[in-house]
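Trainee: Each chain, letter by letter, is given below.
Number of protein chains: 2
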Amino acid sequence: MNNLKLARFFATISKESKYVPNSGSYPLGYKVGAIHCGVKKNSTLDLAVLVSETPASAAAVFTTNKFKAAPVQVSRQILNDKNGKGISSIVVNSGNANAVTGKGGIEDALKMVDTVDSTLKNAPSSTLVMSTGVIGQRLPIDNILKGIPVALKDVGSSHEDWLRCAQGIMTTDTFPKLVSKSFEIDGRKYSLAGLAKGAGMICPNMATLLGFFVTDAPVTPGALSKILTYATDRSFNCISVDGDMSTNDTICAMANGAAGGEEISETSSQFSKIQDEITLFAQQLAQLVVRDGEGATKFITINVQDAQSYADAKKVASSIANSALFKTAMYGKDANWGRILCAVGYADADVNVLKTNVSFIPADGSAELKLLVNGEPEKVDEERASEILELEDLEIRISLGTGGGQEANFWTCDLSHEYVTINGDYRS
Amino acid sequence: MNNLKLARFFATISKESKYVPNSGSYPLGYKVGAIHCGVKKNSTLDLAVLVSETPASAAAVFTTNKFKAAPVQVSRQILNDKNGKGISSIVVNSGNANAVTGKGGIEDALKMVDTVDSTLKNAPSSTLVMSTGVIGQRLPIDNILKGIPVALKDVGSSHEDWLRCAQGIMTTDTFPKLVSKSFEIDGRKYSLAGLAKGAGMICPNMATLLGFFVTDAPVTPGALSKILTYATDRSFNCISVDGDMSTNDTICAMANGAAGGEEISETSSQFSKIQDEITLFAQQLAQLVVRDGEGATKFITINVQDAQSYADAKKVASSIANSALFKTAMYGKDANWGRILCAVGYADADVNVLKTNVSFIPADGSAELKLLVNGEPEKVDEERASEILELEDLEIRISLGTGGGQEANFWTCDLSHEYVTINGDYRS
Numbered sequence: 001m002n003n004l005k006l007a008r009f010f011a012t013i014s015k016e017s018k019y020v021p022n023s024g025s026y027p028l029g030y031k032v033g034a035i036h037c038g039v040k041k042n043s044t045l046d047l048a049v050l051v052s053e054t055p056a057s058a059a060a061v062f063t064t065n066k067f068k069a070a071p072v073q074v075s076r077q078i079l080n081d082k083n084g085k086g087i088s089s090i091v092v093n094s095g096n097a098n099a100v101t102g103k104g105g106i107e108d109a110l111k112m113v114d115t116v117d118s119t120l121k122n123a124p125s126s127t128l129v130m131s132t133g134v135i136g137q138r139l140p141i142d143n144i145l146k147g148i149p150v151a152l153k154d155v156g157s158s159h160e161d162w163l164r165c166a167q168g169i170m171t172t173d174t175f176p177k178l179v180s181k182s183f184e185i186d187g188r189k190y191s192l193a194g195l196a197k198g199a200g201m202i203c204p205n206m207a208t209l210l211g212f213f214v215t216d217a218p219v220t221p222g223a224l225s226k227i228l229t230y231a232t233d234r235s236f237n238c239i240s241v242d243g244d245m246s247t248n249d250t251i252c253a254m255a256n257g258a259a260g261g262e263e264i265s266e267t268s269s270q271f272s273k274i275q276d277e278i279t280l281f282a283q284q285l286a287q288l289v290v291r292d293g294e295g296a297t298k299f300i301t302i303n304v305q306d307a308q309s310y311a312d313a314k315k316v317a318s319s320i321a322n323s324a325l326f327k328t329a330m331y332g333k334d335a336n337w338g339r340i341l342c343a344v345g346y347a348d349a350d351v352n353v354l355k356t357n358v359s360f361i362p363a364d365g366s367a368e369l370k371l372l373v374n375g376e377p378e379k380v381d382e383e384r385a386s387e388i389l390e391l392e393d394l395e396i397r398i399s400l401g402t403g404g405g406q407e408a409n410f411w412t413c414d415l416s417h418e419y420v421t422i423n424g425d426y427r428s
Numbered sequence: 001m002n003n004l005k006l007a008r009f010f011a012t013i014s015k016e017s018k019y020v021p022n023s024g025s026y027p028l029g030y031k032v033g034a035i036h037c038g039v040k041k042n043s044t045l046d047l048a049v050l051v052s053e054t055p056a057s058a059a060a061v062f063t064t065n066k067f068k069a070a071p072v073q074v075s076r077q078i079l080n081d082k083n084g085k086g087i088s089s090i091v092v093n094s095g096n097a098n099a100v101t102g103k104g105g106i107e108d109a110l111k112m113v114d115t116v117d118s119t120l121k122n123a124p125s126s127t128l129v130m131s132t133g134v135i136g137q138r139l140p141i142d143n144i145l146k147g148i149p150v151a152l153k154d155v156g157s158s159h160e161d162w163l164r165c166a167q168g169i170m171t172t173d174t175f176p177k178l179v180s181k182s183f184e185i186d187g188r189k190y191s192l193a194g195l196a197k198g199a200g201m202i203c204p205n206m207a208t209l210l211g212f213f214v215t216d217a218p219v220t221p222g223a224l225s226k227i228l229t230y231a232t233d234r235s236f237n238c239i240s241v242d243g244d245m246s247t248n249d250t251i252c253a254m255a256n257g258a259a260g261g262e263e264i265s266e267t268s269s270q271f272s273k274i275q276d277e278i279t280l281f282a283q284q285l286a287q288l289v290v291r292d293g294e295g296a297t298k299f300i301t302i303n304v305q306d307a308q309s310y311a312d313a314k315k316v317a318s319s320i321a322n323s324a325l326f327k328t329a330m331y332g333k334d335a336n337w338g339r340i341l342c343a344v345g346y347a348d349a350d351v352n353v354l355k356t357n358v359s360f361i362p363a364d365g366s367a368e369l370k371l372l373v374n375g376e377p378e379k380v381d382e383e384r385a386s387e388i389l390e391l392e393d394l395e396i397r398i399s400l401g402t403g404g405g406q407e408a409n410f411w412t413c414d415l416s417h418e419y420v421t422i423n424g425d426y427r428s
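Residue numbers (full-length UniProt numbering), protein chains in the order written: chain A, 1 to 428; chain B, 1 to 428.
Extracted from the complex, chain A is given alone in its bound form (with noise of 0.2 angstroms):
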């Protein structure tokens, strides 16, 4: 036990190394910032704030599970009253989901909301709340509220100012998830950001999946929901950790135009590109999700091609990530092709069992190496396929050969002795 908590910690540490940015290109008009205000016993951060200096575009794609939290019902009534328009603000607390709280739970979220917006003399119903962390637990709304206005006068725009905001919304996480990026459309410079946080669910801290991008991009709501959606079912719906899907989970985005130009509908000829800009970057975003997978020591990427369609490909390639006896044997290093082929063969989608194929794609870019060529086994080089399984990132790639020619991405890690022990043990 002490050795793994002992491993966890030098994990932590190489991960933020690896993983946290020393700096970044944020976007226009945003101010951001994170404090302590008391709903976490230790003196972490938990309450983040975002603000937007003028009235942004919004939207946000929430937790389809049937026990919705308090913030993510009140954030999606704010979003369909406004039609995505006129938001200004989010704030977030970290420490307690608000969730299962019933009608008292609904009232702290909603006075999150007007504190905030009072405190910034913002129209009412201009900001968008979230909570993660335990569930069942009335807030500590107290200290929310009187922690709000502290929380909204020390925002600032700064590198250090995103990362601290990125930093107040963990709970189990082990490193602060933040990117950012600049991009040019017909000449003129754009920038995003983005903040995540989850790592699996742990009770009491359940890990919720939270994730933000804001963009100084000029976006009509409806075209900013349209990327959103299509964005998160390319990322944020393409990982797993552990195949949950908790109370919390919500994904938004925002878009204040402060980086000026021409206001980007559905209909603009801007509108894809923007759109595949935003997909890259969740991915991005997404991926650091999974990196920081509970307990998790591989990072796996699943491509499944010659799909009849995308929802095919992702659903054989979700069957594959949530496999339990395929991510003990990616923790095993073992080359398993029977249990990636089982995987494939109880997924609800199109096989062409006679043309399947099966490869592990090296992370060093070296020669992939054949598992199933055409629904046979290939006689597989050990030696190799343990080199390629040493290294921490793997590609599998699988060809379903039904001539569809469609394909998915999908994310995941593998399953560990350390999750069995950070979600079984916790108590000990």
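Hints were generated in silico from the structure; no laboratory data involved. Only a predicted model underlies this, so the values are computations on that prediction, with no experimental measurement involved. Don't be surprised by glycine CBs; every beta carbon is placed ideally from N, CA and C. It is possible that part of the hints are untrue.
To be verified - With a cut-off of at most 27 angstroms between alpha-carbon atoms, the simulated DSSO-like pairs for lysine-lysine come out as follows:
{"no.": "1", "chain 1": "B", "residue 1": "K355", "chain 2": "A", "residue 2": "K103"}
{"no.": "2", "chain 1": "A", "residue 1": "K379", "chain 2": "B", "residue 2": "K41"}
{"no.": "3", "chain 1": "B", "residue 1": "K66", "chain 2": "A", "residue 2": "K355"}
{"no.": "4", "chain 1": "A", "residue 1": "K66", "chain 2": "B", "residue 2": "K370"}
{"no.": "5", "chain 1": "A", "residue 1": "K41", "chain 2": "B", "residue 2": "K379"}
{"no.": "6", "chain 1": "A", "residue 1": "K379", "chain 2": "B", "residue 2": "K111"}
Unchecked claim - Partial list, derived from the structure: chain A residues whose beta carbon lies under 10 angstroms from chain B:
{"no.": "7", "residue": "T63"}
{"no.": "8", "residue": "N65"}
{"no.": "9", "residue": "K68"}
{"no.": "10", "residue": "A97"}
{"no.": "11", "residue": "I135"}
{"no.": "12", "residue": "G136"}
{"no.": "13", "residue": "S246"}
{"no.": "14", "residue": "A324"}
{"no.": "15", "residue": "T328"}
{"no.": "16", "residue": "V351"}
{"no.": "17", "residue": "L372"}
{"no.": "18", "residue": "T421"}
Unchecked claim - Across the chosen pairs, the derived CB separations fall in these ranges:
{"no.": "19", "chain 1": "A", "residue 1": "E390", "chain 2": "B", "residue 2": "N42", "range": "28 to 34 angstroms"}
{"no.": "20", "chain 1": "A", "residue 1": "A367", "chain 2": "B", "residue 2": "E107", "range": "33 to 39 angstroms"}
{"no.": "21", "chain 1": "B", "residue 1": "L354", "chain 2": "A", "residue 2": "G260", "range": "46 to 52 angstroms"}
{"no.": "22", "chain 1": "A", "residue 1": "D142", "chain 2": "B", "residue 2": "G403", "range": "38 to 44 angstroms"}
{"no.": "23", "chain 1": "B", "residue 1": "D393", "chain 2": "A", "residue 2": "K18", "range": "41 to 47 angstroms"}
{"no.": "24", "chain 1": "A", "residue 1": "R76", "chain 2": "B", "residue 2": "R384", "range": "34 to 40 angstroms"}
Mind docking chain B on chain A? Use the hints.
Mentor: Coordinates of chain B only, in the frame set by chain A:
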């Protein structure tokens, strides 16, 4: 590692003594046995046969995995061709699944059928064939074909013969799964014997789920097929060790009528009586498979009540039973209603979130422990919860509060360090 192996060894001994019967009440007109013929490298039993003295009705439910093993394809064809009539025997090899073996594999399976039929002077295609074990390798078919006449000479109808037959189909199972019982219909005594194997999938020994029921009641093929589907839906399709479905899964039934009496068809008055008997029996056998789940330390019954439909109740139960987070919480003896609720919430079924109840039903008959009442968390007595979770057996009762009144049961085990060790570390 050595401690784990030792623990598993002692767990095996204790399971053997608890779940393997010392005697039985077997159906008339069957002879069974098993030998070592040389499929497995060690000298354990690897070829089992079951022979009915007269041609019998037969039915089977096969894996829905798209990569169907050769014996699955061959047995299905035989049952189709003969409309489930005139089946005299079953032959099973363990140690090699004859899966993903192409045309040669089909030929091997057909040879096994032909050799049994010619040795017994059966009509052609009177034998069903099954295989379990490594996938992707051709059978050592000569050893098997030489072994078949030897095995068929050495059959009997004693308890020891039935036990030997159950041992002959084992791969990674830690104990043979054999049950038998007698029951009366209209004053006539009938008997049932059941054998099963399965303990999660371990590659290279991908441990298929196989199950057999044989009875001396006279049942038409149509009625038997209906009964088997009904019973399997409520037994083998209601268990989960790790959620994966193999290329070889097969549940089959035979009814030879050796006990006499009027033939039972779908319209007979005795139909529902024998269907209920076989269903209860199938549940008993399926539960043994869960008890032998890889690394299992807990046996968990999930009882979902007040669903809109049986299908909905089963979906919710299955969602909980397959949640890695729930299963690790059970291993950690943690009364984590949040994870249960979460799995309820993402199942594709009607749920009244304001009327959902969750309770622990202790195995020792003491009072239930309410965790969630009408969607609101109870103050849980942690000491009482710990007491309940110390027991090997536990029932979790969930009421969905829909007013539909439908109910389903599901059986599962926990997810332990040992599961990861068995499935990830077996090469070390």
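Trainee: The structure should be examined with respect to each hint, and the outcome stated for every one.
Mentor: Results for each hint:
1. Restraint check: the Cα-Cα separation between K355 (chain B) and K103 (chain A) comes to about 14 angstroms, which is no more than 27 angstroms; the hinted pair holds.
2. As the CA atoms of K379 (chain A) and K41 (chain B) are separated by approximately 20 angstroms, the hinted pair is consistent with the 27 angstroms bound.
3. For a cut-off of 27 angstroms, the pair hint linking K66 (chain B) to K355 (chain A) stands: about 13 angstroms separates their Cα positions.
4. As the CA atoms of K66 (chain A) and K370 (chain B) are separated by approximately 21 angstroms, the hinted pair is consistent with the 27 angstroms bound.
5. Proposed proximity of K41 (chain A) and K379 (chain B) is supported: the alpha carbons are some 20 angstroms apart, at most 27 angstroms.
6. Straight-line distance between C-alpha atoms of K379 (chain A) and K111 (chain B) comes to about 26 angstroms, which keeps the hinted pair within the 27 angstroms bound.
7. A hinted interface residue such as T63 (chain A) counts as satisfied when its beta carbon comes closer than 10 angstroms to some beta carbon of chain B; here the least separation is about 8 angstroms, so the hint holds.
8. The beta carbon of N65 (chain A) comes within 4 angstroms of a beta carbon in chain B, closer than 10 angstroms, and the hint placing it at the interface holds.
9. Checking K68 (chain A) against chain B by beta carbon gives a least distance of about 8 angstroms; that is within 10 angstroms, so the hint holds.
10. With a least beta-carbon distance of about 9 angstroms to chain B, the hint placing A97 (chain A) at the interface is held under the 10 angstroms criterion.
11. A distance limit of 10 angstroms between C-beta atoms decides the matter here; for I135 (chain A) the minimum to chain B is near 5 angstroms, and the interface restraint holds.
12. For G136 (chain A), the interface hint holds, the least distance from its beta-carbon to any beta-carbon of chain B being 4 angstroms, beneath 10 angstroms.
13. Checking S246 (chain A) against chain B: minimum C-beta separation of about 6 angstroms stays under 10 angstroms; hint holds.
14. Because the smallest distance between the Cβ of A324 (chain A) and any Cβ of chain B comes to about 5 angstroms, under 10 angstroms, the interface hint for this residue holds.
15. Evaluation of the T328 (chain A) hint against chain B yields a held restraint, the C-beta minimum of about 4 angstroms falling below 10 angstroms.
16. Checking V351 (chain A) against chain B by beta carbon gives a least distance of about 5 angstroms; that is within 10 angstroms, so the hint holds.
17. Interface restraint check: L372 (chain A) against chain B, minimum CB-CB distance 8 angstroms, threshold 10 angstroms, status holds.
18. Restraint check, T421 (chain A) versus chain B: the minimum CB separation of about 7 angstroms is within 10 angstroms; hint holds.
19. In this structure the hint that E390 (chain A) and N42 (chain B) lie 28 to 34 angstroms apart at CB holds, the actual value being about 31 angstroms.
20. About 34 angstroms separates the C-beta atoms of A367 (chain A) and E107 (chain B), a value consistent with the hinted range of 33 to 39 angstroms.
21. At roughly 48 angstroms, the beta-carbon separation of L354 (chain B) and G260 (chain A) lies within the given 46 to 52 angstroms, and the hint holds.
22. In this structure, D142 (chain A) and G403 (chain B) meet the distance hint of 38 to 44 angstroms, their C-beta atoms being roughly 39 angstroms apart.
23. The supplied range of 41 to 47 angstroms is met by D393 (chain B) and K18 (chain A), whose beta-carbon atoms lie about 45 angstroms from each other.
24. At roughly 38 angstroms, the beta carbons of R76 (chain A) and R384 (chain B) sit within the given window of 34 to 40 angstroms.
Every hint from the earlier list agrees with this structure, and none is contradicted.
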